[in-house]
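Q: Protein sequences appear in the order of chains A, B, C and D. Every letter in the first sequence is one number past the one before it in the working numbering, and letter 237, counting from 1, is 237. Every letter in the second sequence is one number past the one before it in the working numbering, and letter 375, counting from 1, is 822. Every letter in the third sequence is one number past the one before it in the working numbering, and letter 435, counting from 1, is 1329. Every letter in the fourth sequence is one number past the one before it in the working numbering, and letter 183, counting from 1, is 1524.
Since the hints were derived computationally from the structure, they do not count as laboratory data. Incorrect hints may have been included.
Stated by the list, open to error - Cross-link-like lysine to any residue pairs, in silico, SDA-like; alpha carbons within 20 Å at most:
hint : chain 1 : residue 1 : chain 2 : residue 2
1    : B       : K469      : A       : I416
2    : B       : K638      : A       : L9
3    : B       : K877      : C       : D1277
4    : A       : K22       : A       : V8
5    : A       : K7        : C       : H1113
6    : A       : K191      : D       : H1560
7    : A       : K402      : D       : A1739
8    : A       : K158      : A       : K374
9    : A       : K139      : B       : D866
10   : A       : K7        : B       : V687
11   : A       : K288      : B       : C757
12   : A       : K402      : D       : R1661
13   : B       : K849      : C       : H1113
14   : C       : K901      : A       : I416
15   : C       : K1217     : B       : Q829
16   : B       : K770      : A       : V274
17   : D       : K1483     : C       : I1310
18   : C       : K916      : D       : R1661
19   : A       : K7        : C       : D1313
20   : A       : K208      : A       : Q81
21   : D       : K1743     : A       : V392
22   : D       : K1743     : A       : G397
23   : B       : K469      : A       : H417
24   : A       : K430      : C       : D1313
25   : B       : K454      : D       : Y1419
26   : A       : K191      : D       : I1541
27   : B       : K454      : A       : H417
28   : B       : K770      : C       : E1275
29   : D       : K1348     : B       : G664
30   : B       : K638      : A       : D11
31   : C       : K901      : A       : P305
32   : A       : K7        : C       : R1099
33   : B       : K770      : A       : N29
34   : A       : K7        : B       : P686
Every value quoted in this text rests on a predicted model; they were computed, and no experiment measured them.
4 protein chains.
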Amino acid sequence: MMLPREKVLRDPVHNYIHVTHKVILDLINTPEFQRLRRVKQLGASSFTFHGAEHSRFTHSVGVYEITRQICDNFQRNYPTQTPGDGLWDDHERIVALCAALLHDLGHGPESHTFEHIFDTDHEAITQAILTSPETQINKVLKEVSPEFPEEVASVIGKTYPNPQVVQMISSQIDADRMDYLLRDAYNTGTKYGMFDLTRILRVMRPYKSGIAFQSDGMHAVEDYIVCRFQMYQQVYFHPVSRSMEVVLNHLLHRAKYLYEHGQMSASQTPTLLVPFLENNWDLTNYLKLDDGTLTTYFTLWRDHPDDILCDLASRFLDRRPFKSVRFTPETRYLIPDLTKLIEEAGFNPEYYTAINDSYDLPYDAYDPSSKEPKTQIELMEQDGTLEELSTVSPLVGAITGKSTGDERFFFPREMIHPDELQLFEPLYQKFQSYLHNDNLIDPQNQL
Amino acid sequence: MMLPREKVLRDPVHNYIHVTHKVILDLINTPEFQRLRRVKQLGASSFTFHGAEHSRFTHSVGVYEITRQICDNFQRNYPTQTPGDGLWDDHERIVALCAALLHDLGHGPESHTFEHIFDTDHEAITQAILTSPETQINKVLKEVSPEFPEEVASVIGKTYPNPQVVQMISSQIDADRMDYLLRDAYNTGTKYGMFDLTRILRVMRPYKSGIAFQSDGMHAVEDYIVCRFQMYQQVYFHPVSRSMEVVLNHLLHRAKYLYEHGQMSASQTPTLLVPFLENNWDLTNYLKLDDGTLTTYFTLWRDHPDDILCDLASRFLDRRPFKSVRFTPETRYLIPDLTKLIEEAGFNPEYYTAINDSYDLPYDAYDPSSKEPKTQIELMEQDGTLEELSTVSPLVGAITGKSTGDERFFFPREMIHPDELQLFEPLYQKFQSYLHNDNLIDPQNQL
Amino acid sequence: MMLPREKVLRDPVHNYIHVTHKVILDLINTPEFQRLRRVKQLGASSFTFHGAEHSRFTHSVGVYEITRQICDNFQRNYPTQTPGDGLWDDHERIVALCAALLHDLGHGPESHTFEHIFDTDHEAITQAILTSPETQINKVLKEVSPEFPEEVASVIGKTYPNPQVVQMISSQIDADRMDYLLRDAYNTGTKYGMFDLTRILRVMRPYKSGIAFQSDGMHAVEDYIVCRFQMYQQVYFHPVSRSMEVVLNHLLHRAKYLYEHGQMSASQTPTLLVPFLENNWDLTNYLKLDDGTLTTYFTLWRDHPDDILCDLASRFLDRRPFKSVRFTPETRYLIPDLTKLIEEAGFNPEYYTAINDSYDLPYDAYDPSSKEPKTQIELMEQDGTLEELSTVSPLVGAITGKSTGDERFFFPREMIHPDELQLFEPLYQKFQSYLHNDNLIDPQNQL
Amino acid sequence: MMLPREKVLRDPVHNYIHVTHKVILDLINTPEFQRLRRVKQLGASSFTFHGAEHSRFTHSVGVYEITRQICDNFQRNYPTQTPGDGLWDDHERIVALCAALLHDLGHGPESHTFEHIFDTDHEAITQAILTSPETQINKVLKEVSPEFPEEVASVIGKTYPNPQVVQMISSQIDADRMDYLLRDAYNTGTKYGMFDLTRILRVMRPYKSGIAFQSDGMHAVEDYIVCRFQMYQQVYFHPVSRSMEVVLNHLLHRAKYLYEHGQMSASQTPTLLVPFLENNWDLTNYLKLDDGTLTTYFTLWRDHPDDILCDLASRFLDRRPFKSVRFTPETRYLIPDLTKLIEEAGFNPEYYTAINDSYDLPYDAYDPSSKEPKTQIELMEQDGTLEELSTVSPLVGAITGKSTGDERFFFPREMIHPDELQLFEPLYQKFQSYLHNDNLIDPQNQL
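With these hints in hand, go ahead and build the complete structure from the sequences.
A: The following block contains the structure:
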């Protein structure tokens, strides 16, 4: 059902978000969707790029808006004439729009770390929110048709029969990635993510097996891949953000340990986290979580008698990241030496060191032998023949199928910036002799 | 003390924030300053403009950066030659920078409403954080000199002897206002706040009584005043944001009532708010508060047995604003009629109606008879004579000294969008007969 | 006839210009339209704002694009249901688009000054190009229908029966003004012209007597009026640009004088200007003129034996503007004194002084007693009632019906920056005693 | 000598151009520099990207401004302490600024094509303008010192002893390239050229052999190289622009032929071009040329009795490009077939066909065996060791030392869009059978 008059939301990235269907407005107004206002899109990245404070709510309406524009383009330029002609059937619009809007619904606070500690899975939770009869989301979707919640869930699960709809929402160049690159670039103030959305949308077209790009738009697609590559290198993999995730991980880990060992008094017990600490939670418990839940408990833990919990909570709230150094398979054998020095300096290595790698595949051609073969990006010539992107673009070719990133060892800042008294102690001087140009080195083997 | 090498923070509005003094870096790294990351700059406005999710942290470093640029300009172009010549003495730089960075330190979550309910005062708290020996802020400031904390506090309190420094931080065209206009415009996605900062900075100059503007830059200053006027009209006074503040106000009010009447069970008691509910709080209590503290308790209150608390908490978390209508002194007498209808519909008027006005003085010339006379904006001619802005600019003249805004009556959305069953009940039809073109009218007196 | 596939032109202001009708593409490809590439939009303003080098071609396609977007909005939201219902009849689209594209076709080089010297009229010439059978424009338009050229001409002449179409192209807030404000702001690098086009287009709507604006979009319209006011004050009326127009005016005036007095040798005779010098020109002559025609002759005139012609040509080509001073009705009596001093310094006042005023009416409500009553800007309430803009907006009210600008006296820069030898001659010292803070003053009457 | 007060020029790319030295202001005010206002930066590219109408004047002041910012950074962060320490000596500032401002002084209209036909050389002419005693530029430079003109010339000629100054103005990442990428991107409205200038400037630093980049700024430099690559692919090598250059080339070629064969009547003789047609020109002749000179003669030639001259002049003025098709070494043998068909259709192949390749080396490491070895881009580690960019960046590695572009055959549009009457003639059908997906193919060999 269409709204009597289109509604718009002001958006800094897309200028306006246009809402024309009542179901979209009703979905936005559910408690489950409004919760996304209280969950940051980039988590710990805002500790490095202070502007990156935007929520999953703003991203979600952005993904919706890009999907809406894709549907508009497809309907104007490539409307289906006969079933099976591989063109766009506008009856698919509503399921595409809902899937776009709702694809991140299951994200909790600090998703990556939270999932790791409490063994949750935001994708499964998204599916559950869509299909569980107790949610408002499910009620609103059912007004479209009884099977509609399952259909939307199947788009997100990539089992929906129409590959065009699936690829709009998840592929190597989908509405999700396009919105987050633009939005994260806008909010961080970096410019690397600023590819030419309008031109990409112009050259996108439906075909039998999904979505392709007109070959004369090759450079626009190439530019998007390069932007994505650079955002990963420069923003998403930033060592300081990863360090803050390490702190958070250790903090939650310590809280779990203390809870399990009965060392949480009533007043410090994180009521809303108890179901997760006891590994006995349901959707209702999950939907009560947001960024503020965690930081409120961290604030309480600052006064906890356990030194480690108290210290790590403060490091996280007060943004005191660990430092880190890059290592390679060749220098990995030096880490135990460093760990020993850190322990000697009085830090428990379980909570004060970490290894963390950050690798991403910026783009991959289809590889049937891969665990999760990816839908490759196809360029369509005037006569309909297809060419895979990396065969045409030397830039994309250079980064295709090669994961990039680095592996780092994290340790307390105090090891390299000790108190004045400690400055000339051999322990710290020795530690620093392992670090050179941000790389781990063997102090014995240097000229 | 200068840093060995300048540090920069990436900022979406100013591109980079340049930090050259160690004291600034140390201040940023205090727990009191980092807390500002967890307090939204615009509070309820993000319910209307979803992009407005930026924190007081980002604003504070922005105010610092603008102040730094002003100091650079003054030092390059107007360095003092002899004491008392009215030019810029760069020894004032450090106190100006610190005051700029720290001016918002005392803001708590949802300041306006919180202060109203709990009788706190963010300006007094800012002063206290600067001058209390228990804060990290105070420790860092004292490293400059023992009197330095008091000096910074006196800039914020407008009693510092150098009027140039005071006016940089607080006047009708200061670094604070300039940053928030630009930043709020950037994040909301509206363009009204986008005045020409570079040009304003170019035409700003120190003189004996403070800061003036070269007369050939009149239009840049005029444009700033108009931008400010439009941001108030369009963003800050938006009825939906004010409505969400009304909901919040009633919610906290109800919580206080229940607490005072012993109707908060242990598990729903908001531990961190107790000192405020009991009106017996200190700085340590205050510095534990942030946006997440409030929303965490609201989440818990959703399960509270009190219907009103539970309902208002949900309205706030799920963004279900009241509706509103504009009234004038002439139509104000109709409000009791509406209130009665609302009560008949089953809503407690104390918690489900409100009157709220929103008036701002966009600019004012100096008026010694005013309670708080404002520093007027002075334009300086080539020969040094001064002219007050509104005497030269017809645009500014038009809005000088005239407060603008409106007065609104707020009520539950259910009164105009009732359930289908109620749709034709006379109660609701009668209620709606009072509303016309967003104005309150007397249904008896219409033609 | 629609193109088989939409064509786009990349545009810095609108991102893309979308061409969907064959007639639009054919019009763009005519010699008469391509000539606009060789005529600057802002003439002498590029001497002040060096980025302002854009042509009338880019502006014309921009006006077309805004008109196209207005038609799209009207057709989507306000399509006519029954004749005479005051809504949008999309059959009008094609005449609106053509009139938008072609409205500036008759502009020659440095229009304002050229028209003044040679008594041409760009509006009449636009009409002639549309309706004369010898132009390509006319041929292309006739392919739509035999009467179509006249229809397009009548839109530009404001006699077309549908007021919606007329007001799209010429009213106080039309596609022409909207494009030039945005484009001139973009190219000059000033930000004053950057109003919110998307929002204006959203609140624009057709009604019986033309085009109105939804009242909830009042601030967007207000912002446009203020932007326009500021662009006039800051850019279009800039004294240096006006000075360069004075130089140009005197230069062409001198050339005419010399030609009429037989003092142009064959090699210096400006062949393409001869029909104009002889006041005996036709459309073919006119369509050969562009900015390069004038500057090519000026280059040749640098070697002309007439000192004045030669000097003024150099001043124009080498950008050596006259200086100027503001005067008022009260100080106008002093101008003869200055003129005498200038003559004493060796300059012929006919060619080396000028008086020039620059007044604009930023906005006016309808005034039937005016020579050219303007279509006022109407805001439409929810119930269809109309309110004139200046009655609602205090900012617009402040500048309605008041012309703003100044009157200036122009003179050679040498009068205030003479050679070193002349620096202390009483003549120059006396001249300068008349100038104070950019105002003309009576040196006798100063304290 | 410094100006008493800094002057600024408003610039759309850099916001303001800051002029602090009198010599810079005086240079800008010379006739030779002002001539650059009348020469387009991108020549025929404005036929493809209509916004690209900016002149070499705006680019030149932009290069100056970037150089000024580099000098400021170097002086603030890397001032020389002892001669030969490889840091920045601010006495070099003035020669760097002048060379930056003046590096394009010798460009004439449509440089590339003009040089090809008339055998001029803009670099040699730049040198001549700097060093010839008859120019104003030379006079102004000599006020700095008698040798100063030669010094500035030697920077542009790359023989100046300080490699830092030379590399600022000409290297693979210099102020010239940085300004034109940003400015061309701004004016065309493409976004490919929008790299992060501020960040590049931050990581640039002087060292003994010139200019290096801090290794933590690698991604900013990488992004610049990718931007440059994309601007070449998308803008500078656009087939339509190259086609318009082909038309221009043939047009000037024809004019020369006719002049040499005595077929130019007095009234059509291009007075200002005669010295070039006769290959007997001097600097004075050259400095009278600008874009308008050429188009004025083209306008006159439209009426020339020679059909080819007249037709080509119209094609250029009215923007009627040739069409083109890509060929490879393998399909090159087919071109004579096409040429024959074109001749059969009535076109003189000498003037109506062309082969044109467009290859660029986006980046190259130093190769001593190359004819013109390039200064490679060096990254400097914390400990001062250098790494060449392409060894660190896989993206840059992918395009290093590989020229990219294509080779095209140009022919009249009429061959593929003939009149309706000709549409089914075998000649045109045969011609079209050679073209497929923008490639030249052998119609015999297709399946």
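Q: Take the hints in turn and mark each one as holding or not.
A: We went through each hint and held it up to the structure:
no., hint, in the structure
1, B:K469 / A:I416, "holds (18 Å)"
2, B:K638 / A:L9, "holds (15 Å)"
3, B:K877 / C:D1277, "holds (19 Å)"
4, A:K22 / A:V8, "holds (13 Å)"
5, A:K7 / C:H1113, "holds (18 Å)"
6, A:K191 / D:H1560, "holds (12 Å)"
7, A:K402 / D:A1739, "holds (13 Å)"
8, A:K158 / A:K374, "holds (12 Å)"
9, A:K139 / B:D866, "holds (17 Å)"
10, A:K7 / B:V687, "holds (15 Å)"
11, A:K288 / B:C757, "holds (14 Å)"
12, A:K402 / D:R1661, "violated (46 Å)"
13, B:K849 / C:H1113, "holds (17 Å)"
14, C:K901 / A:I416, "violated (61 Å)"
15, C:K1217 / B:Q829, "holds (17 Å)"
16, B:K770 / A:V274, "violated (38 Å)"
17, D:K1483 / C:I1310, "violated (26 Å)"
18, C:K916 / D:R1661, "holds (16 Å)"
19, A:K7 / C:D1313, "violated (67 Å)"
20, A:K208 / A:Q81, "holds (13 Å)"
21, D:K1743 / A:V392, "holds (15 Å)"
22, D:K1743 / A:G397, "holds (14 Å)"
23, B:K469 / A:H417, "holds (15 Å)"
24, A:K430 / C:D1313, "violated (72 Å)"
25, B:K454 / D:Y1419, "holds (16 Å)"
26, A:K191 / D:I1541, "holds (13 Å)"
27, B:K454 / A:H417, "holds (17 Å)"
28, B:K770 / C:E1275, "holds (19 Å)"
29, D:K1348 / B:G664, "holds (14 Å)"
30, B:K638 / A:D11, "holds (11 Å)"
31, C:K901 / A:P305, "violated (70 Å)"
32, A:K7 / C:R1099, "holds (16 Å)"
33, B:K770 / A:N29, "holds (15 Å)"
34, A:K7 / B:P686, "holds (17 Å)"
Going down the numbered hints, you'll see the structure goes against 12, 14, 16, 17, 19, 24, 31, while the others check out.
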